[in-house]
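S.K.: The chain contents come next:
2 protein chains.
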Amino acid sequence: MKGKLIKRLEKLLGEENITTRPEDLLCYSFDATREEFIPDVVVFPSTPEEVVKIMELAWEEEVPVIPRGAGSGFTGGSLPVKGGMVVSTEKMNRILEIDERNLTALVEPGVVTGELQQTVEALGLFYPPDPASLTFSTLGGNVAENAGGPRAVKYGVTRDYVLGIEAVLPGGEKITTGRKVVKDVVGYDLTRLLVGSEGTLAFFTRILWRLLPYPPATGTLLALFSSREQAGEAVAAIIHSRVLPTAIEFVDRGALDAVKKYAGVEMGNQAQALLLIEVDGEEELVPRLLEKVAEVCQQTGGTTRVAKDQAEAQELWLARRAISPAIAQIAPTKINEDIVVPRSELPRALARIEALEEKYGLPIICFGHAGDGNIHVNIMTDKKDPEKWAKAQKAVREVFAITLELGGTLSGEHGVGITKAPYLSMELSPRVMELLKGIKRAFDPKNLLNPGKMGLD
Amino acid sequence: MKGKLIKRLEKLLGEENITTRPEDLLCYSFDATREEFIPDVVVFPSTPEEVVKIMELAWEEEVPVIPRGAGSGFTGGSLPVKGGMVVSTEKMNRILEIDERNLTALVEPGVVTGELQQTVEALGLFYPPDPASLTFSTLGGNVAENAGGPRAVKYGVTRDYVLGIEAVLPGGEKITTGRKVVKDVVGYDLTRLLVGSEGTLAFFTRILWRLLPYPPATGTLLALFSSREQAGEAVAAIIHSRVLPTAIEFVDRGALDAVKKYAGVEMGNQAQALLLIEVDGEEELVPRLLEKVAEVCQQTGGTTRVAKDQAEAQELWLARRAISPAIAQIAPTKINEDIVVPRSELPRALARIEALEEKYGLPIICFGHAGDGNIHVNIMTDKKDPEKWAKAQKAVREVFAITLELGGTLSGEHGVGITKAPYLSMELSPRVMELLKGIKRAFDPKNLLNPGKMGLD
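Residue numbers (my numbering), protein chains in the order written: chain A, 1 to 457; chain B, 1 to 457.
Next up, chain A with everything else stripped away, as it sits in the complex (with noise of 0.2 Å):
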């Protein structure tokens, strides 16, 4: 049977477009997660046609289909947990239109967010959507995960830029959602019901994008505190205080230490957390948003310091873009949760946090978006200690217990896939969960396209 389905895609899409050969399967079979598990054949399409034909061979001889960008996700969401078909949309790589008269852009799922980016910005626009991966991560993965970034503070999330998707379903029919237009109120919103989806209901071929004039100017200021709690406060104050920034990142000392001592920056100095704030607007405001911030901030107890020019600017973004890395260094096994509680809730919830290090006696590390109150908790363990491995596990559901009293949920920005499915019940109602199986069903009746994920089955 495999051999057959081999023969058949050989002869669809020509031999140099699909491989099985192990070396090969082996780069397909992980991601950030760093689980692994190996396709039976990778494919690379060129185009929607091919797209559709893999996707109508897939339900004639009913394989998994499991639509793979960069893999730098951090759930398993292109992982073939059931193996099957990895299609890979790295030969869907090009930008297919910048329209500037309609502040749009059509883009195939392949091209990388940091390529799009920069595009429009050499052409006056913006697309804000900034993920920390943004130099690999491709538009496509980011849109099957809702991806977000330190502006979505001001600026929102993925979503809320894609205007419409070109999609291929499960039995190889191509649909199309959505137009160049804000406003589109005919049927029920199927462009917003494919963002998030995690690849379970339909393959992507292309996607069309809103963009908005570049601001003018930015600005970033530092904050340092001598606790997570207080920095947590002079979140929640900022927001009070009606200045919107375009992100506000918390870093605990945890995170500072790693990062000078892995990445040689010097970040906070003898602080408990840092916040790192950008603001953006009119040239001559900037300034004047910054005042405010630096104020709010040292009201709750903090010392600021605003960055003198965009060089320094961009150290400290670069710094705090060189964390994740950092602190993987710190344990063998870094579990990374991407809790979000409302913003008001943000001192309590690092505070309770806090107390869980010495609960389990593991390192805790938060860093994030503070801003809109997601942060990245990272409980360092060792998988290979299964003392060390069971008691981050209990800290695990107890920091998503943590979060759920407090109005919060799971993932901000990084889906469920499989690595919180098991966790799913805590937050999802049963009646719920049969929602989204009716609504997967709907799409996908044999269950085909990336099986195993989201406790869908």
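Calculated from the structure, these hints are not laboratory results.
All clues given are correct.
Copies of the same chain are indistinguishable here, so a pair counts whether it falls within one copy or spans any two.
The calculated DSSO-like cross-link candidates involving lysine-lysine, where the alpha carbons are at most 27 Å apart (straight line), are:
hint, residue 1, residue 2
1, Lys7, Lys446
2, Lys334, Lys261
3, Lys383, Lys260
4, Lys174, Lys437
5, Lys437, Lys53
Keeping the supplied structure of chain A fixed, place chain B upon it in accordance with the hints.
M.R.: Below, chain B without anything else, positioned relative to chain A:
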């Protein structure tokens, strides 16, 4: 059967909360389409628990449930086309919480849009969506139809402000989607699926809104043009110039005449078309934005005038809102379609629609939200004159064909309901319709909630 149903309803909710009196039924039999369908009974729940009871009863007795806000919809969304219970939200009209720390509001579905707006404005906060009916339309209805308004150019539509929904499903189970956070990627996006679902998936009992800080200042500018097309070109040029106004409203000569004649307001002197443009931002920024917009309008042949103060600006906006009722007086029947085209296609769309006036010998009046390509095309006819009516029907179909040819959509903010259902297949493919029906089945397997709408049955 009907007698038994009424008895059970009386027992559940109290006699004072249900009515079958013919004069009452009449009041709940129509909406802004002026179509008429008499319900069997009208019910007035005050709490989510009462809605649960109603939905349980409807499930048992297999009676249609038609959610109803203010009945201000333009496509028949609240009409009981298959009889059954109209369930009015008018007793569920409380603003439950305004959370100034998280910039959110929690409301019942029967709250009037303008009331929320005024309440949050008094606290320095902003709820941007502004459908023309905002002084009487309800937020529940706005969510069901994904209402828009002029400010969508900069601020988006209702969808962009809904953070979460509490709703009762057919069968009576209550679900909650979303929470007080901007980022939330756990499961498919049921929140946005419910927005714009036209009362066919669930009965909303509570809505959680995202609010913004209120913009410090606004400014209004009037630009007069010697043709519709020229005004359309100015819109495209403004967007291309990288300025993002709050609103760009278009008014043609026919609408100007009607406002003058029936509302006694002179807006446009001898102009053939007019743009009413609002910008907002920091106090000192607003004059500069107005200047830039004026320059662009002049370059495309317009003459411009800035409203000297808030009073004059308000007068202009009142005149704009008077258009819809004023033109209704021109002919016995007004067919009001709210097509959307990509903004760059506006000049072409307006020119082609103008040509239909002559072709069919009917006045066609265009006005609306040009800034996002959303134009209200009003075909003036007489339903009682078979010849005129037939011509109007042909003109409607041709307006839609032009719209789709230019990459647009049949409805920007009014929805499908019953009036646009016959045209749905012009825009949505059979496979997409199947998907919509599959989603409907997952929520409402007995087809009890607002049946006969959106071409779903």
